[in-house]
Amino acid sequence: MNKGILFTIDAIIALLFVGLMGLILQVPNIESAEKILINNRISDLLITSQRLEIDSIDKLEENYIKIFDKKEGYIIINSDKKEINKNSNKYRIISQNIKYINSSNKEIYIEIGVKY
Amino acid sequence: MMLVKQKKAQVMILDVLIFILLIIIILSIETKIIISYKEDISFKETEIEIIKNDFLIEIYLLDCNYLGKINTQTKKCMPNEIEIKNIEKINSYFCEIKIDDKKIFDRKEEIKNKYKRGIIYKNKFSVLEVGFCE
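Same order as they appear, the protein sequences are chains V and R.
Be aware that the first sequence starts at 9, since it is given in the numbering used here, and climbs by one per residue.
Be aware that the second sequence starts at 16, since it is given in the numbering used here, and climbs by one per residue.
This is chain V alone, in the form it adopts within the complex (with noise of 0.2 Å):
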């Protein structure tokens, strides 16, 4: 009887360590493809804005619905805010900001946020 209870705990255990095996074996979270997406168009609109000197707040909003349709986020120019497409209760933002002087030699602050 005892032969027959050690088998059976030393195939259990067998059995759990493939079992653990194989979540250790799962693969390393790499950055979600949303995540790059947003911030290859969060660079478009930075880079474009600077090449275009681009410091009106809604021109900069109608850009940001271009491409994002109807996603949430926000724009800053300067000292003004403007929040977009503001419904949900999503918490995750990625931003990214630029700083350039323009052609009258005045510097611009753009920062963009978007909610995901």
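No lab work stands behind these hints: they were computed from the structure.
Any given hint could turn out to be false.
What the hints assert, rightly or not - Across the chosen pairs, the derived CB separations fall in these ranges:
| hint | chain 1 | residue 1 | chain 2 | residue 2 | range |
| --- | --- | --- | --- | --- | --- |
| 1 | V | K90 | R | I44 | 33 to 43 Å |
| 2 | R | K47 | V | L60 | 25 to 35 Å |
| 3 | R | I49 | V | E42 | 46 to 56 Å |
| 4 | V | I109 | R | Q88 | 17 to 27 Å |
| 5 | V | N110 | R | K117 | 41 to 51 Å |
Unchecked claim - Here are the simulated BS3-like pairs of lysine-lysine, each with C-alpha atoms no more than 30 Å apart in a straight line:
| hint | chain 1 | residue 1 | chain 2 | residue 2 |
| --- | --- | --- | --- | --- |
| 6 | V | K43 | R | K139 |
| 7 | V | K98 | R | K127 |
| 8 | R | K53 | V | K74 |
| 9 | R | K67 | V | K74 |
| 10 | V | K107 | R | K139 |
| 11 | R | K117 | V | K67 |
| 12 | V | K107 | R | K131 |
| 13 | V | K107 | R | K137 |
| 14 | R | K117 | R | K131 |
| 15 | R | K113 | V | K79 |
| 16 | R | K104 | V | K67 |
| 17 | R | K20 | V | K74 |
| 18 | V | K123 | R | K139 |
What the hints assert, rightly or not - Just so you have them, the derived chain R footprint on chain V, three or more residues with Cβ under 8 Å:
| hint | region |
| --- | --- |
| 19 | 19-26 |
| 20 | 86-97 |
| 21 | 113-120 |
Note that the Cβ used here is the ideal one computed from N, Cα and C, for glycine as well.
Please build the complex by placing chain R on the supplied structure of chain V, with the hints as guidance.
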């Protein structure tokens, strides 16, 4: 003596039955783990394809041989600024290219995924939409 042998046989049968039952339980749990692991892997493969496609667009945007606009003074490609050239040489992965809803390239095939990028075209902000084939 006979009774002892019978008891031993009963214990052996019980032992084997418990062992089989436990194996079935453990295997079913492990099967679930393996299935979720496989789903996880396939999900990550899709994500990698999405990222790959997005960076493929980026490469064409930055490459002056294709969509990138070259600065005639510095002879450098301007980031996110494009001009239409060599469309026919663009990678066969692209199914459709639109600038502000205006089609500039169309292979008339079924589109699997669409990607939007912010660009400068003819000195104004535009949306570049690239569709990838099946």
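Evaluation of the provided hints:
1. At about 51 Å, the CB distance of K90/V to I44/R disagrees with the hint of 33 to 43 Å.
2. Judged by the Cβ atoms, the range 25 to 35 Å given for K47/R and L60/V is violated: they are separated by roughly 54 Å.
3. Between I49/R and E42/V, the C-beta spacing of about 26 Å breaks the proposed range 46 to 56 Å.
4. A beta carbon spacing of about 20 Å between I109/V and Q88/R agrees with the range 17 to 27 Å that was offered as a hint.
5. Between N110/V and K117/R the beta carbons are some 30 Å apart, a value that contradicts the proposed interval 41 to 51 Å.
6. Between K43/V and K139/R the alpha-carbon distance is near 27 Å, which keeps this suggested pair within the 30 Å criterion.
7. Proposed proximity of K98/V and K127/R is supported: the alpha carbons are some 28 Å apart, at most 30 Å.
8. For a cut-off of 30 Å, the pair hint linking K53/R to K74/V is broken: about 37 Å separates their Cα positions.
9. With a C-alpha separation of about 23 Å, the suggested pairing of K67/R with K74/V holds against the 30 Å cut-off.
10. At roughly 20 Å between alpha-carbon atoms, K107/V and K139/R fall within 30 Å of each other, so this suggested pair holds.
11. Straight-line distance between C-alpha atoms of K117/R and K67/V comes to about 21 Å, which keeps the hinted pair within the 30 Å bound.
12. Restraint check: the Cα-Cα separation between K107/V and K131/R comes to about 25 Å, which is no more than 30 Å; the hinted pair holds.
13. Distance restraint check for K107/V and K137/R: the Cα-Cα separation of roughly 24 Å lies within the 30 Å cut-off, and the hinted pair is therefore satisfied.
14. Under the criterion of a C-alpha separation no larger than 30 Å, the hint pairing K117/R with K131/R is consistent with the structure, at around 13 Å.
15. For the suggested pair K113/R and K79/V, the alpha carbons sit about 21 Å apart, so the restraint of at most 30 Å is met.
16. Note on K104/R and K67/V: the hinted pairing is violated, with a Cα-Cα distance of about 34 Å set against a maximum of 30 Å.
17. Restraint check for K20/R and K74/V: not satisfied, since their Cα atoms lie roughly 84 Å apart, outside the 30 Å limit.
18. Of the supplied pair hints, the one linking K123/V and K139/R holds, its CA atoms being roughly 26 Å apart against a limit of 30 Å.
19. For the region 19-26 of chain V, the assignment as covered by chain R holds, since 5 residues bring a beta-carbon within under 8 Å of that chain's beta-carbons and 3 suffice.
20. Check on the region 86-97 of chain V: 0 of its residues sit with their Cβ under 8 Å from a Cβ of chain R, so the three-residue criterion for coverage is violated.
21. Residue count for the region 113-120 of chain V with a Cβ under 8 Å from a Cβ of chain R: 0. That is fewer than the three needed, and the coverage hint is violated.
Figure legend: structure checked against the earlier numbered hints; hints not met, in rising order: 1, 2, 3, 5, 8, 16, 17, 20, 21.
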